[in-house]
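Q: One line per chain: the protein sequences are A and B, in this order.
Here this note's numbering is used: the first residue of the first sequence is 9, the next is one more, and so on.
Here this note's numbering is used: the first residue of the second sequence is 9, the next is one more, and so on.
In case anyone wonders, no lab produced these hints; they're calculated from the structure.
One thing to keep in mind: the hints can contain errors.
For chains that are exact copies, the list does not tell them apart, and a pair is met inside one copy or across any two.
Unchecked claim - Distance condition first, Cα-Cα at most 25 Å in a straight line; then the derived PhoX-like pairs of lysine-lysine:
#, residue 1, residue 2
1, 154, 71
2, 129, 154
3, 154, 92
4, 165, 129
5, 71, 165
6, 165, 364
7, 129, 71
8, 71, 364
9, 364, 92
10, 92, 165
11, 364, 129
Predicted, not measured: the structure shown is a model, and the values here were computed from it.
Residues per chain are reported as follows:
There are 2 protein chains.
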Amino acid sequence: MSASSRTLREEVERLDREDPLAPFRERFLLPEGIVYLDGNSLGALPREAAARVERAVREEWGKGLIRSWRDAGWIDLPLRIGEKIGRLVGAEPGSVVVADSTSVNLFKVLAAALSHRPERKTILTERGNFPTDLYIAEGLASFVGKGHSVRTEPAEKIVPSIGRDTAVVLLTQVDYRTGARHDLARVTGEAHERGALVVWDLAHSAGAFPVDLAGAGADFAVGCGYKYLCGGPGAPAFVYVAPRHQRNVQPLSGWFGHAAPFAFEAGYRPAPGVGRYVCGTSPILSLTALEAGVDLFLEAGMDRVREKSVRLADLFVELVEERCGGRGLALLTPREPARRGSQVSFAHPSAEGVMKALAARGVIGDFRPPDILRFGFAPLYGRFVDAWDAAEALGAVLAAP
Amino acid sequence: MSASSRTLREEVERLDREDPLAPFRERFLLPEGIVYLDGNSLGALPREAAARVERAVREEWGKGLIRSWRDAGWIDLPLRIGEKIGRLVGAEPGSVVVADSTSVNLFKVLAAALSHRPERKTILTERGNFPTDLYIAEGLASFVGKGHSVRTEPAEKIVPSIGRDTAVVLLTQVDYRTGARHDLARVTGEAHERGALVVWDLAHSAGAFPVDLAGAGADFAVGCGYKYLCGGPGAPAFVYVAPRHQRNVQPLSGWFGHAAPFAFEAGYRPAPGVGRYVCGTSPILSLTALEAGVDLFLEAGMDRVREKSVRLADLFVELVEERCGGRGLALLTPREPARRGSQVSFAHPSAEGVMKALAARGVIGDFRPPDILRFGFAPLYGRFVDAWDAAEALGAVLAAP
Numbered sequence: 009m010s011a012s013s014r015t016l017r018e019e020v021e022r023l024d025r026e027d028p029l030a031p032f033r034e035r036f037l038l039p040e041g042i043v044y045l046d047g048n049s050l051g052a053l054p055r056e057a058a059a060r061v062e063r064a065v066r067e068e069w070g071k072g073l074i075r076s077w078r079d080a081g082w083i084d085l086p087l088r089i090g091e092k093i094g095r096l097v098g099a100e101p102g103s104v105v106v107a108d109s110t111s112v113n114l115f116k117v118l119a120a121a122l123s124h125r126p127e128r129k130t131i132l133t134e135r136g137n138f139p140t141d142l143y144i145a146e147g148l149a150s151f152v153g154k155g156h157s158v159r160t161e162p163a164e165k166i167v168p169s170i171g172r173d174t175a176v177v178l179l180t181q182v183d184y185r186t187g188a189r190h191d192l193a194r195v196t197g198e199a200h201e202r203g204a205l206v207v208w209d210l211a212h213s214a215g216a217f218p219v220d221l222a223g224a225g226a227d228f229a230v231g232c233g234y235k236y237l238c239g240g241p242g243a244p245a246f247v248y249v250a251p252r253h254q255r256n257v258q259p260l261s262g263w264f265g266h267a268a269p270f271a272f273e274a275g276y277r278p279a280p281g282v283g284r285y286v287c288g289t290s291p292i293l294s295l296t297a298l299e300a301g302v303d304l305f306l307e308a309g310m311d312r313v314r315e316k317s318v319r320l321a322d323l324f325v326e327l328v329e330e331r332c333g334g335r336g337l338a339l340l341t342p343r344e345p346a347r348r349g350s351q352v353s354f355a356h357p358s359a360e361g362v363m364k365a366l367a368a369r370g371v372i373g374d375f376r377p378p379d380i381l382r383f384g385f386a387p388l389y390g391r392f393v394d395a396w397d398a399a400e401a402l403g404a405v406l407a408a409p
Numbered sequence: 009m010s011a012s013s014r015t016l017r018e019e020v021e022r023l024d025r026e027d028p029l030a031p032f033r034e035r036f037l038l039p040e041g042i043v044y045l046d047g048n049s050l051g052a053l054p055r056e057a058a059a060r061v062e063r064a065v066r067e068e069w070g071k072g073l074i075r076s077w078r079d080a081g082w083i084d085l086p087l088r089i090g091e092k093i094g095r096l097v098g099a100e101p102g103s104v105v106v107a108d109s110t111s112v113n114l115f116k117v118l119a120a121a122l123s124h125r126p127e128r129k130t131i132l133t134e135r136g137n138f139p140t141d142l143y144i145a146e147g148l149a150s151f152v153g154k155g156h157s158v159r160t161e162p163a164e165k166i167v168p169s170i171g172r173d174t175a176v177v178l179l180t181q182v183d184y185r186t187g188a189r190h191d192l193a194r195v196t197g198e199a200h201e202r203g204a205l206v207v208w209d210l211a212h213s214a215g216a217f218p219v220d221l222a223g224a225g226a227d228f229a230v231g232c233g234y235k236y237l238c239g240g241p242g243a244p245a246f247v248y249v250a251p252r253h254q255r256n257v258q259p260l261s262g263w264f265g266h267a268a269p270f271a272f273e274a275g276y277r278p279a280p281g282v283g284r285y286v287c288g289t290s291p292i293l294s295l296t297a298l299e300a301g302v303d304l305f306l307e308a309g310m311d312r313v314r315e316k317s318v319r320l321a322d323l324f325v326e327l328v329e330e331r332c333g334g335r336g337l338a339l340l341t342p343r344e345p346a347r348r349g350s351q352v353s354f355a356h357p358s359a360e361g362v363m364k365a366l367a368a369r370g371v372i373g374d375f376r377p378p379d380i381l382r383f384g385f386a387p388l389y390g391r392f393v394d395a396w397d398a399a400e401a402l403g404a405v406l407a408a409p
């Protein structure tokens, strides 16, 4: 392939100039000289998050002290931010709350799902599910210890494997390695027809594309605050519980899930609605950062975010194929937009070394065992020239002797 | 009582001048014009916490991005801060980790304790225990659903009630209302003689006085980062597991408790030691603040902290009794230092209104139902004149018509 057949950087710069989301990049604090394609592991820092955290520390904690639980609205953060995330994932009002980590929330919703299907003993999940989903399911099944077990199947066998003993299907909507996306509405419908419930892990969905939990008749979902949502390292996670399932109690019945935490009653009386999915006291500084990230997505609108995400990923695949044909890369991510999230993954036999070499050139993606190069596209701060620069760097790394 | 019999503020100012811990006050950012006696609800802001959080946000998150998991040591925070807290509570090396909230950690250790005593079905706890301890025990017992139950008894009946069916005794060492302290070593020994394990909630102990978990042969403990330890609002909590109990698995088996989280293995393989008590990804910004608070206690030394705490509380009781005799106050906190934590509580029939009137005068303590005025003493930033000013304000409020 001759150099002249390649897409020029100038052509791509035009895409950024015409991009209606381009101004959002200025709302982030980004390091110089880095092409950051790992927002699916840790989203970049919104300027507003830095400002709000500093205010929460110096004003709310430092000056307001204990009074800030009320005066600065700390007490409202889990439901307030949950409500905002709910709008990003198509949840009914009052059905999302921010609390704990994705792992802890998985435990809550899986336990709740089992309590809805006491006669069924199987948690059905995908063999390649994100490990913590598998670990939590395993830990829960073993802890319950009433003949419960976890069954894993490859993605294509999930629906046919839903049987009379399947209490709950646990799936991550977007595969963290390949970026392939399950059809949330279809799988939910199939599971319901067979009498099973579904728990969706939206770790790589929330902030990546519009999700319609209510429209799909979803049961439960969890998701991550620190990836696409730009909530900061280890940001608290969210949990969705369909209104029709909210009357059940989940086992982590802590005081912040009580109807009146500050009445200090001796018996547990769950908060109405999804509020009972909060357990202990929430980490306020981390919650504060998360809200700033979520607000940016509400402002930009998930449809616009998704449209750019698809274009960024398509461009990247096209540019990589221009530059790296015959270099041992195999595209793992489905080309059809409806079947993928907001990442592009390639297999390569030297993936780990290739990713290190890219990092040395200032291109940050990540390696996932055994042989995966993963590149995430975050349309609020990612540019079309980032896709160009990354493809160019990948071409150079793979061409190096 | 004539005014001349009262201790003068000048006399108390001398105590501050001679106080070896007085310089620590400058290490905190405190609001003007406030006497803060609520560090047992939310500890004040260490200057270093503000600086470190700002660095964690702008440098580690903003510039380091995903690389900070390794380069800024985020991955080490739960065990590193746990080890430091372990030194404050007399834990064996490698037996404390920071994770989740106190409530979530209670669930883990109670579940682990039950797994050590499968033939016993009772969680024995104190009727007046902090509500979340009761709620979590209740939620767990009901979730396990194999005949388990929670039995509550008043403090003085706990030891005599430990029986053949008692799997675990769950106690908060210091009563959040009265400030009365259990003898941790004695109760632990009595429980062990009867074949039961003990879970200690150190929410009002860590950072309040020296604790000797290893010396007492303790089994499990949890504690709070945001009270005396000054870790910030909703700071992550800690969990202690005696080395002899660390081989058991706890049910919240998330990926950060795995031996190799980033190997993405399909099966759960618990981390060696107490590391398996971490579940999901930790809220890094909140952890960063916590470490700054903990470091101040290590620098000051718990013996010095405790010595001043006793003197502050004694002085406050003395001054209140000088000023408020016959005003309807009843001291709830034991006078003997070994039998109390770092707070002073009085009952008063109009406690809620009295506390509001104190707040209007700039004195912040808190009200606990039904009739308790609670004043916490935090020797790293609390002064002897604070005790004087608070007693004076309380006298004025109670004397008002």
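Q: Hint by hint, work out which the structure violates, then give me just those numbers in ascending order.
A: Result: hints 1, 3, 5, 6, 7, 9, 10, 11 break, sorted rising.
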